[in-house]
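For this one, chain A is given, so just place chain B on it according to the hints.
Those protein sequences? They're chains A and B, same order as listed.
First residue of the first sequence: 0, per numbering that gives the first Met the number 0; consecutive thereafter.
First residue of the second sequence: 0, per numbering that gives the first Met the number 0; consecutive thereafter.
It is possible that some hints are incorrect.
To be verified - Just so you have them, the derived chain B footprint on chain A, three or more residues with Cβ under 8 Å:
hint, stretch
1, 19-31
2, 198-208
3, 212-218
4, 247-259
Unchecked claim - Partner residues aside, some chain B positions facing chain A, computed with beta carbon under 7 Å:
hint, residue
5, N175
6, R195
7, I208
8, P212
9, A239
10, T240
11, E246
12, F250
13, K276
14, E280
15, L289
16, T290
17, F292
18, L301
19, P302
Since the hints were derived computationally from the structure, they do not count as laboratory data.
Treat the numbers as computed from the prediction; the structure is a model and nothing was measured.
Glycine included, each C-beta is placed from N, C-alpha and C at the ideal position.
Number of protein chains: 2
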Amino acid sequence: MAYDSVKTPAGSREDALGGSATFFSVSGSYFAPVSVVAVVGEDFKDGDVKLLKNHGVDVSGLDRRPGKTFRWSGVYGAEDVNTRDTLDTQLNVFADFAPELSLEQRKSPYLFLANIAPELQMAVLEKMAERPRLVALDSMALWIDISAEALERIIRKVDVLFLDETEVRTFTKHSNLVEAARQIMAMGPSAVVAKRGDHGVLLFHGDSIFSAPAFPLEHVIDPTGAGDSFAGGFMGYLAATGDLTTEGFKFATMVGSVMGSYAVESFSLERTASLTKDEIESRFRALTDLTRFTSLGENESLPFQGGGAAHA
Amino acid sequence: MAYDSVKTPAGSREDALGGSATFFSVSGSYFAPVSVVAVVGEDFKDGDVKLLKNHGVDVSGLDRRPGKTFRWSGVYGAEDVNTRDTLDTQLNVFADFAPELSLEQRKSPYLFLANIAPELQMAVLEKMAERPRLVALDSMALWIDISAEALERIIRKVDVLFLDETEVRTFTKHSNLVEAARQIMAMGPSAVVAKRGDHGVLLFHGDSIFSAPAFPLEHVIDPTGAGDSFAGGFMGYLAATGDLTTEGFKFATMVGSVMGSYAVESFSLERTASLTKDEIESRFRALTDLTRFTSLGENESLPFQGGGAAHA
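For reference, chain A alone in the conformation it holds in the complex (with noise of 0.2 Å):
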C-alpha cells in the first residue's frame, strides 16, 4: 500500500492513496471476498483503512508499522500516457517488509502475489498451509533486471502470471510473444496474461490464445493501478464462480479488462471505489460488443472472386 504523487496529462495528485494491494483489493471485493497482507506507515490515514473495510475488505493483515508508508512519485507522458518515469521512490516502512499470514489466511484458495520483490513472494506461498486453488502472480522490469533467478523460481510456482507484453519478451528473451508465452507455460504456469495498455490483453491458457479489447476511453486520467484492477477484477472473478477452464479465464480477462478501464478514469481509487454494479456489468457488456460482428456461419464462405474459390 502505498501513497503516490502523480503527474499527468490531465492534471495531478500528491500523496493519494495507491499500492498494488489496494487497488487489487478493492476492484477483487466487487466480486469475492478479499484478505489483504500488506505493510503502512505511522501515516496511513484511518480514512484509507476505512475505505477498505467498506468495501468488505479484510485487513487483519494490514501490518502498521513505525516510520511512514511506501511512497512513490511519477509522470506519465504527455503523447503517449502508457509511458511513465518514475521521480522518487521511498520504501519507507516497506524497506523492511516480512509479510505475515494469519490462519486462515494460509488456507486461501486463491492468491495472488502483488508486484514485490520475488523472494518475497515466495516467503508468502511457502508460507500457505496447502497449496491453494490458483496462485497468480505479477511481477516488471525491474525483477527481470535485478533477481531474474529469484522470479524464475517462483514463476515455477505459479498459475497464472500478469506481464507487460514487453516484460514477456525481456523475461524469456523471445521477441516473439507466442513464443515467449510458450516458453513461460512449459515452466509451469497454465496462462500467462500478455498486458498491452490501452491495445487490451493477450490471454494464452493451454493451447488458447484470446484477445480482450481494451475499452476505448475519452478520457483517461491516471494509468497507475489499471494492472492491478484487472488483477483484482480477473482473480475476484475467479474466486467467485470457481470456474478455472479456459471459459472461465477468458470471462475473468474481459472482467479484469472492465476495472482496468474504470481505474485510469480517474486520479487514484475515486473511480474504482465507487462503482456500482450496473456500472461494471454496463461496461462488461460494452466491452465484449466492441468485437462483436455477424461472422460466416459453418456453412457460410468468404465472398471470394470466381464463386469461392480462390484463383491463386
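Here is chain B on its own, set in the frame of chain A:
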C-alpha cells in the same frame, strides 16, 4: 509499385517486388476485380507483371516509363518489428508520376487512393466520371508533416481513412484516439481505420467502435505491405458484397486483418500471392475465435459479491 530492399530480424531481400499498389491489388483480387493505376520503370520485370495478371488484376493502367522503378530500402527493429528506419528512397520514374485513368477506371464504384502525395490523390479523385460509391484513402506521417493542408482537403472528400493510430493523433493533434477519430469523421469520412500493427485495428464507423484483434503470429518475417494488404482485403470485401453498413465495415476490417497477417509472414508478396481460399477462410475463422467467449446472456448478471448487488 516498387522494388524494396529490406532487412528484418528474420533476414533480408534485395530489390524484391513491393509497393502499395502491388500489395493492395493482389490482396484485393481474392475478392473482387482490381484495376491498377501505377508507374513503373524499364527495369520492371515481366514476371512481376505476370504475377498481377495471374491474379486477374487489370494492368492496362500500368504506365511503363523510361528510367528505373521506385526503390525503397529500410530496416525493421530487432526488439520491436513494428518500428522501421528508412535507409534510402529513390523516386526514379515516380518523381514525375501523373496518374492517368482509363474511361472504365473513371467509372469504378470503389476507389482506393494509396499512400502518395495528397495532391496526386486529389487529382485521381477529380478524374472520376462520377463520385464513386466508396472512396478510401491511405496516407502517412510524411504528408502530415509536409502537406497537412492538401491532406486535409482530400480527407474531407473521402469515406474511409486508413492511418496508423499515431498518425491519427498527429494529424488531429488530439492525444485521445476516440476524440481524434471523431474529429476526422466530423470533417467528412464516415469511417476511420486506426491501425495498431500487431495489436490489431480499431474501426470507427458512425457512432460504432469495433476492435479487430491481430492474428498472433509465431513468425513475423517482413511487415512491409501489411497496411496495403489490409486495405486490399477491406476494399475487396466491400466491393464484393456492396455492404456499406456498420456490419459490413466490421466484417471488412476482419478480412483486411487476415490479409495483413499473411503479408507479414513472408518477404515481398511471396505469401500474399500464393494463398488458397482455404487458408484465407480458416484464418478468418481463427481470427474471429480469438475474441469469442461465452459472455453473459441478456438476463444473466456478473457474479457480484452479495448476491448480484455491488456493495459500494
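Each hint tested on the structure:
For a cut-off of 8 Å, the count of residues in the stretch 19-31 of chain A with a CB near a CB of chain B stands at 4, and the three-residue condition holds. For the stretch 198-208 of chain A, the stated coverage by chain B holds: 4 residues have a C-beta nearer than 8 Å to a C-beta of that chain, and at least 3 were required. For the stretch 212-218 of chain A, the stated coverage by chain B is satisfied: 6 residues place a CB nearer than 8 Å to a CB of that chain, which reaches the threshold of 3. Chain B is given as covering the stretch 247-259 of chain A, and this holds because 4 residues of the stretch bring a CB closer than 8 Å to a CB of that chain, at least three being needed.
Among the interface hints, the one on N175 (chain B) holds; its C-beta lies about 6 Å from the nearest C-beta in chain A, closer than the 7 Å criterion. The criterion of a C-beta within 7 Å of any C-beta in chain A is met by R195 (chain B), whose closest approach is roughly 6 Å, and the hint holds. Given the 7 Å rule on beta carbons, the hint for I208 (chain B) holds: about 5 Å separates it from the nearest Cβ of chain A. The criterion of a C-beta within 7 Å of any C-beta in chain A is met by P212 (chain B), whose closest approach is roughly 4 Å, and the hint holds.
The beta carbon of A239 (chain B) is positioned within 7 Å of a beta carbon in chain A (closest approach about 4 Å), and the interface hint is therefore held. Because the smallest distance between the Cβ of T240 (chain B) and any Cβ of chain A comes to about 5 Å, under 7 Å, the interface hint for this residue holds. Taking 7 Å as the C-beta cut-off, the interface hint given for E246 (chain B) holds, the closest approach to chain A being about 5 Å. Look at F250 (chain B): its Cβ gets to within about 6 Å of chain A, closer than 7 Å, so that hint holds up.
The closest approach between the C-beta of K276 (chain B) and any C-beta of chain A is roughly 4 Å, which is under the 7 Å cut-off, so the hint is satisfied. Because the beta carbon of E280 (chain B) sits about 5 Å from the nearest beta carbon in chain A, less than 7 Å, this interface hint is met. Contact between L289 (chain B) and chain A, as hinted, is supported at the beta carbon level, the nearest pair being about 4 Å apart and thus within 7 Å. Contact between T290 (chain B) and chain A, as hinted, is supported at the beta carbon level, the nearest pair being about 4 Å apart and thus within 7 Å.
The interface hint given for F292 (chain B) is met, as the beta carbon of that residue sits about 4 Å from the closest beta carbon of chain A, less than 7 Å. Given hint, L301 (chain B) at the interface with chain A, holds; its Cβ is 5 Å from that chain's nearest Cβ, closer than 7 Å. Against a cut-off of 7 Å between C-beta atoms, the interface hint on P302 (chain B) holds, since the closest Cβ of chain A lies about 4 Å away.
When held up to the earlier numbered hints, the structure conflicts with none and fits them all.
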